[in-house]
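Enquirer: Given next are the chains, with one letter for each unit.
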Amino acid sequence: MVAAAVAAVAADRVGLGWRGELAAGILSNLAHIDVLEVIADDYYRAPRASMDALCSLARQVPVSLHGVGMGLASTIPAEPRRLHAMARLMQRVQAESWSEHLSFVRAGGVEIGHLAAPPRTPASVAGAVANIALASRIVGSAPLMENIATLVAPPASTLDEAQWLAQIIDGAQVPLLLDLHNLYANAVNSGQDPQAMLLRLPLARVGAVHLSGGHWVEEPGGAGRRLLDDHLHDVPPEVFALLTVLARHAPQPLTVILERDGNYPSFEQVLDQLALARAALRAGRTA
Amino acid sequence: MSSPALEAYLAVLYTDEAKRHAFLQAPQAQALLHGLSPQEAEAMAAIDRTGLRMAAASFQHKRAAHAGHARPRPGWWRRWMERWR
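Taken in order, these protein sequences are the chains called A and B.
Each residue of the first sequence is one higher than the one before, counting from 1 in this note's numbering.
Each residue of the second sequence is one higher than the one before, counting from 1 in this note's numbering.
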């Protein structure tokens, strides 16, 4: 193993998303968890006791704050009040980093309620770069920006997903939070090779990784099926394989976060998933 | 392409079943009616119609779960799909 790979193995971290349902297991197993990711939006208006608990948690284990409501990948300017909320939370919690999604979540006064993919065009690249710059100024640090899963190919797109992501990450000069299940789902749903798509991304700019699972759903009329990223299932082997490929091609240390939003398994099974992530990283580093 | 108007119309299509139905009946005309340019309307007419319906169902589920503070459960997708049969 070359020296750089040894260093990367030593610095790679594996953790998971904080969820109340997993709290007991997390707090009992902090020795096996290098880092936690907390949904920031859950704490913007949290009572003092919840904030104190989060601050206490952040003193015990590195915490990253994950935003879901800014809608930064948009031709519409981000709302400053949402960025100030993240700034206040970062200051209060002293989190080591924060992240958001490359999505839009509202437009024209309509709240979509989740992460939506904008048309992939030079205009949305420019809008995202401007919004990320504004967010970085207000929060005081640059976010990691995450690729999202989408069941619909964004209409009116003139760039493919890899081009679009690369242009934003390069233009905004921010790290990529690479969700490998989102990448995998988008690739298989659009008939592309997931590994080929992965290798077209700016892998040297990946700062963190998300792992999760999903399930296949039938298309209306039963003509075909698509992979739905639902965070309710274990990480599939294909996604661990992508993590190995990433670790082989990205020399920098990686922070890997396991996401689970429901259908919770035993915490032993969660720890098994973390162990599989560590093994996938190791396999890539030593290849 | 890609403009605030286009994003706003997509947000409507993802959240308003009646307007989505109207769009699927006459995509180009409806897009023009909502202020999109002829070029954008033409691009909208080529939308992945299956994906639009699936994405809208997924967003609706997310909104419902958020409103009720319910955690997502396996099987919700099958229940949504039954509405389309």
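There may be inaccurate statements among the hints.
[Unchecked claim] Below, in silico cross-link-like pairs of lysine to aspartate or glutamate (DMTMM-like), each with a Cα-Cα straight-line distance of 25 angstroms or less:
1) B:Lys19 <-> A:Glu219
2) B:Lys62 <-> A:Asp170
3) B:Lys62 <-> A:Asp193
4) B:Lys62 <-> A:Asp42
Treat the hints as calculated values from the structure; they're not laboratory data.
Enquirer: Take the hints in turn and mark each one as holding or not.
Expert: Here is how each hint holds up against the structure:
At roughly 21 angstroms between alpha-carbon atoms, B:Lys19 and A:Glu219 fall within 25 angstroms of each other, so this suggested pair holds. For a cut-off of 25 angstroms, the pair hint linking B:Lys62 to A:Asp170 is broken: about 31 angstroms separates their Cα positions. In summary, the hint linking B:Lys62 to A:Asp193 is not supported, as the alpha carbons are separated by about 29 angstroms, beyond the 25 angstroms threshold. A hinted pair counts as satisfied when its Cα atoms are at most 25 angstroms apart, and B:Lys62 with A:Asp42 qualifies at roughly 15 angstroms.
In this structure, the hints that do not hold are numbers 2 and 3, in rising order.
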